Structures are given as C-alpha cells and as structure tokens.
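Colleague: Each protein sequence line maps, in turn, to chains A and B. Residues in the first sequence are numbered consecutively from 1, following our numbering. Residues in the second sequence are numbered consecutively from 1, following our numbering.
Wrong hints could be hidden among the right ones.
[Unchecked claim] Below, simulated EDC-like cross-link-like pairs (lysine to aspartate or glutamate); rule was C-alpha separation at most 20 Å, straight line:
| id | chain 1 | residue 1 | chain 2 | residue 2 |
| --- | --- | --- | --- | --- |
| 1 | A | K53 | B | D113 |
| 2 | B | K133 | A | D307 |
| 3 | B | K133 | A | D132 |
| 4 | B | K133 | A | D260 |
| 5 | A | K195 | A | E205 |
| 6 | A | K383 | A | E39 |
| 7 | A | K195 | A | D132 |
| 8 | A | K270 | A | D260 |
Derived from the structure by calculation, the hints contain no laboratory data. For clarity, every value in this text was computed on a predicted model and none was experimentally measured.
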Amino acid sequence: MNGLLLLGLLAALLFLRQPLLIILLSAAAFIHLVWGRGELDYILEDMWIGLDKELILSIPLFILCGNVMTRGSIAQRLIDLVAALTRPLPGGMAVACVLACTVFAAISGSSIVTMLAIGSVMYPAMRQAGYDVKFTMGAIMSGGTLGIIIPPSIPMIIYGLVTETSIVDLFAAGFGPGILLTLVLSAYAVWFNRKRPAESFSFDEFLTSFRRGIWAVLMPVIMLGGIYTGWFTATEAAAVALAYAMVIEVFVHRELKIVDFYNVVLEASKLGGSLFPVLAVALSLNIILIEHRIPQGMVALMQGYIDSPIAFMVLVNILLLIVGCLMTTGEAILVLAPLLAPVAAAYGYDKVIFGLIMILNLEIGYLTPPVGLNLIVAMSAFKQPFGLLCRAALPFILLMMGCLALVVWQPWIAMYFVTGKV
Amino acid sequence: MSDVPEARTAPPAAVRVLAVWHRVECWVAVVCFTFIAVILVLDVLGREFVGPVFNFLGIDVGPTGIFASQRLSIYALVVGSFAGIGIATATGSHLVPRVGFGWIPKSWSGGMDRLADAITGGFLLGVAWYGFKFVESSYSVDLRAPVLDWSVWPFQLAIPVGFLSAACRYFAYALWPSLRPGLPDFQE
Numbered sequence: 001m002n003g004l005l006l007l008g009l010l011a012a013l014l015f016l017r018q019p020l021l022i023i024l025l026s027a028a029a030f031i032h033l034v035w036g037r038g039e040l041d042y043i044l045e046d047m048w049i050g051l052d053k054e055l056i057l058s059i060p061l062f063i064l065c066g067n068v069m070t071r072g073s074i075a076q077r078l079i080d081l082v083a084a085l086t087r088p089l090p091g092g093m094a095v096a097c098v099l100a101c102t103v104f105a106a107i108s109g110s111s112i113v114t115m116l117a118i119g120s121v122m123y124p125a126m127r128q129a130g131y132d133v134k135f136t137m138g139a140i141m142s143g144g145t146l147g148i149i150i151p152p153s154i155p156m157i158i159y160g161l162v163t164e165t166s167i168v169d170l171f172a173a174g175f176g177p178g179i180l181l182t183l184v185l186s187a188y189a190v191w192f193n194r195k196r197p198a199e200s201f202s203f204d205e206f207l208t209s210f211r212r213g214i215w216a217v218l219m220p221v222i223m224l225g226g227i228y229t230g231w232f233t234a235t236e237a238a239a240v241a242l243a244y245a246m247v248i249e250v251f252v253h254r255e256l257k258i259v260d261f262y263n264v265v266l267e268a269s270k271l272g273g274s275l276f277p278v279l280a281v282a283l284s285l286n287i288i289l290i291e292h293r294i295p296q297g298m299v300a301l302m303q304g305y306i307d308s309p310i311a312f313m314v315l316v317n318i319l320l321l322i323v324g325c326l327m328t329t330g331e332a333i334l335v336l337a338p339l340l341a342p343v344a345a346a347y348g349y350d351k352v353i354f355g356l357i358m359i360l361n362l363e364i365g366y367l368t369p370p371v372g373l374n375l376i377v378a379m380s381a382f383k384q385p386f387g388l389l390c391r392a393a394l395p396f397i398l399l400m401m402g403c404l405a406l407v408v409w410q411p412w413i414a415m416y417f418v419t420g421k422v
Numbered sequence: 001m002s003d004v005p006e007a008r009t010a011p012p013a014a015v016r017v018l019a020v021w022h023r024v025e026c027w028v029a030v031v032c033f034t035f036i037a038v039i040l041v042l043d044v045l046g047r048e049f050v051g052p053v054f055n056f057l058g059i060d061v062g063p064t065g066i067f068a069s070q071r072l073s074i075y076a077l078v079v080g081s082f083a084g085i086g087i088a089t090a091t092g093s094h095l096v097p098r099v100g101f102g103w104i105p106k107s108w109s110g111g112m113d114r115l116a117d118a119i120t121g122g123f124l125l126g127v128a129w130y131g132f133k134f135v136e137s138s139y140s141v142d143l144r145a146p147v148l149d150w151s152v153w154p155f156q157l158a159i160p161v162g163f164l165s166a167a168c169r170y171f172a173y174a175l176w177p178s179l180r181p182g183l184p185d186f187q188e
C-alpha cells in the first residue's frame, strides 16, 4: 500500500512539473516518514556525507576541462588530421567524421557537445562533397553518442558514485565498447559509400594537419594513459588534463584569454549547480535504500520470478532501451542505477560491466524519439525535419544495438581493459 | 516573455534584486570552482612533477603537494554547488522530467507553471528549514573537519542557504511569471 502511495506521489510530482531535485527529495522524505524514524534532517546529513567524497572532485574538473578544450578550433584541427588519414578510403570523409567524434569524445565527455562540435564542421563539408543527407545526419548523430561511452564520461562518474563502483575501472571498461562502436560505424560508412571514389593520400597535408592537431590528440593520450598505467587517480588525471588544456588553449592555440575563463567557469558552475545537488540527494536516497534493504528486497522479488541471468539481462536491456526513450541519461542513472546494479550483481553481473551495459543502452536513447537528445538538438542545429532525423538514425541504432548485444554476450570486450583477460 | 499581462509584470526593483543576487551567486560559484581547479592542479603538479624533479636532483624539499588540498576542494565544491542551485534556478538549468508535460492541455501551461513554481518554492523552503536544523546540530556538537580540524558548520551552511535562495527565487517566479526563465530546448 505504501509502495503504491509512493508511486502516486511521484506521479503527482511529475504532473506538477517538479524538478528532479524535488522528486528525489520527496521520495527520500516519504521513505523517512513511512518506513524510517521521521527525522527529515537525516536527508541533509546524508547529502553532506554523499558529497564528502574526494572522487566527486573529478566531475567539475572534467567539466571545466571539456569546456576549455571544446571551444575554439579543436574540432576543426582533429577533423583535418583524421580526414588526411582517411582520404584513401571510399567514404573517407564519413569515416573521418566517426573518427573525429571518437577522439573528440575522449576530450569532451558529452554526447551533445561532441555532435555539435564535429557536426558543425562535417555537415557542410559532407553535404558539399555530395554525401546523402540522411546518411550524413545519421553519422553525425550516432558519432556524437560516443561522447558518453569513451572515457572520460560524466555518466560513468555518476554511475560510479551512486553504485560505489571504481571510476577508473569504468573508464577502462568504456574503452573496448568505444573501439567496437568506432570500428562498426566506420565499416558501415565505408560500405554505404563503397561506390564513391577514393582520393589519394597526401603526406604534406597529413604533416600540416598533424602539426596543427597533435596537441589536441595528445590530451586523451596523457589523461587516459595516466589513468590506465595507474600513475594518476581519476581526480588527478582530471587536474592534469585541465592544466594541459589551459596551457594548450592559452599559449599554443592562443584561443583562450584569461577573461574568457570566467565564462568557462560560469558554464561549469551552471552545470554543477543543476547536477551536484541532485547527485547529493540521489546519494542520500541511496543511503536510505541500503539502510532499509530495498535493493535486497528487489533482488528477492526478481529472483522469485526470473531464474536465468540471461532472461534478466534481456529484460533489463528492454527496460533500459525504453527508459532511454523517455528519460535523459543523467536522470536514468541517478534513479535506476542504485536499484538495478545490486540486482544485476545478484545474477552474477559485475557492477562495472553492468554500468557499461546501462550506459550503452542509454547511449542508444540519444537517438530514439521522443526525447532522443541528439535528434532534438540536431533538428534545431542542422535545420532538418524530425522525421528525417529519426529515419536517418535507424540503421545506426540497429548497428549500436548489435554492438550492445555483442558486449552483453561477450563481456570481455569491455572487461579486457579492466582485468586483462579474454 | 513580453506577452504576459501587465499585472504579472515584475516591478523593476524585483528585477534588479534578482539580477544582483544572480551576479553574486555567479561570482561565489566562479571563485569556488576556480579555487578547486587551481588548488588541485597545483597539488598534483607539485606531487607528481616538482617533487620527483627535486628528488632526482638530490634536493630534499619535503612534501611538494598542497596540504589538505582535496578536503579544501570538497568544501569549495559544496559552497560552489549550492550557490549553483540559485544559478541553475535563475537560468532554468534544473533537470526537469518532461514526462508529465503533455498530461494537461497546452493552454493551461502558464497556470500550471506558476503552481509548479509555488510548490517548488514551498518544498525548498521546507528543505532549507531542515538544513538549518542540521547545521545547528553540527554547530552545537562542534563537528570538525578531518585533517584540517576546522569547524564544518560554516561550509554546511551553504546547503540551507542555497535551498533558501532557490526557494525565494521560485516564489518570485510564481508571483511574477515574466521573471521565469524558459526551460532549455534540451538537457543532457
């Protein structure tokens, strides 16, 4: 009965257009009042405890770093470099689009930023070169989604915090699926454009673009190399990446003046102001859920109906794909990860691989209506009708679902970079 | 928002107060996030680069990181983030699930937004009240920060103040809908 009341309260708050912050606070208050001792100031105490984690510091640093690096001409420099390399392939420009998204994703950590930064350069270039509009939009929108799967990824950090999973392991695990998706999307780009003539490789062009783009390409190498070799923690890597980004943008590219830094920090503060309080409440809610053994209750309930881990995984994937159509990645992770990760662990799925599977599902959600963010943003940024964008995304969605199925079937694709074992 | 009726248009004084208030919150957040970035970068560079270089040269300079940098950064993060609640409110950046937006006719949207703002404001006011109670209990037992041994209540105070700031702003939006920022086209 109380469970139904809670659901009713949440539905009422959704109807009343309340922010996620209020919805989570209400859920926490309800649990304290109905199942706890009614001490509502415990919520604030748990929020304080939730934020008092040094790992959380990596989030503002990665956000700042992404904001510094993704302004100016980094995208153009990366595109020039990869385009020089892929020119000899049929559909080389399309492959360059996917590869540029991959490298940019390793800098930005955001799907929309990746899509807009690369898309704003690639869309006119590919259209001018005669690429099909549907294919071009599909490649740009799906390439953009790599932003959240290739580390550093803000959704991975949030998942790590709410489920107490190693963020370094999550970053490492994102590498394999990121490479798989890049290969599959690139192969599709070559196949789709197989009748287009290939161009010749120009060493001079490569050398010029290499000189212009090398500083941007080195950033993910330093940052991810530092994390994987164990030299840096995630927070330290974020700090080093920020220092590197500042030096490159101020002294090498000369595209960031110190006065611009105010706007960069203000943008990060805006994002932080909407994210951290919600994260704190979600962490507080997580503490109450654990205190009241809710995840264990869910495990028992699920195991009463579903015996097979495979059946569980199929159901969870269907659920997450539907959730991805209706909620944004941040909302879905904050609400569902603390509930689903313990259940997945009970079925024998490591929290790291489950996190990757969850993020892969939600990544597809960026391309599915009605709230596919890349569709919505692309509609206004590239002035294309929503229906065309949905049709453009369809083959890419199928390919990404194929990659997701492959990772579920062969988890070593993600876990190899964590455990070193196939 | 120029199409709102005259009666609902905010008085210039309210507009000015909210603008100054927003500017103050922006500066608090910018100072906090800049502090985090600077102190953590200097700490890591000190420990991972400067220290090893001096060691390699055979010069003993003691610890080269910044003492309690991560703890100080966490407190800056708390202050910056809760100043950020106000910024997110002022710029319409809060995550708002839009599942229920289609459950009522579009023509009711204006009224529903005002009701939503009033409810959000009331709720946040309640949270601020419990926040002050929480800070008061920390103050009364003189809860101190690990490593630094400073009282933590001044940092904790940022939590209820942030909620209170957001609550007042939502009440202002309910009162004068012309002040309300539009929701962004998308939120990631």
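Colleague: Does each hint fit the structure? Answer for all of them.
Modeller: Against the structure, the hints come out as follows:
no. : hint              : result
1   : A:K53 <-> B:D113  : violated (36 Å)
2   : B:K133 <-> A:D307 : violated (47 Å)
3   : B:K133 <-> A:D132 : violated (62 Å)
4   : B:K133 <-> A:D260 : violated (40 Å)
5   : A:K195 <-> A:E205 : violated (24 Å)
6   : A:K383 <-> A:E39  : violated (52 Å)
7   : A:K195 <-> A:D132 : holds (13 Å)
8   : A:K270 <-> A:D260 : holds (16 Å)
When held up to the earlier numbered hints, the structure conflicts with 1, 2, 3, 4, 5 and 6 and fits the remainder.
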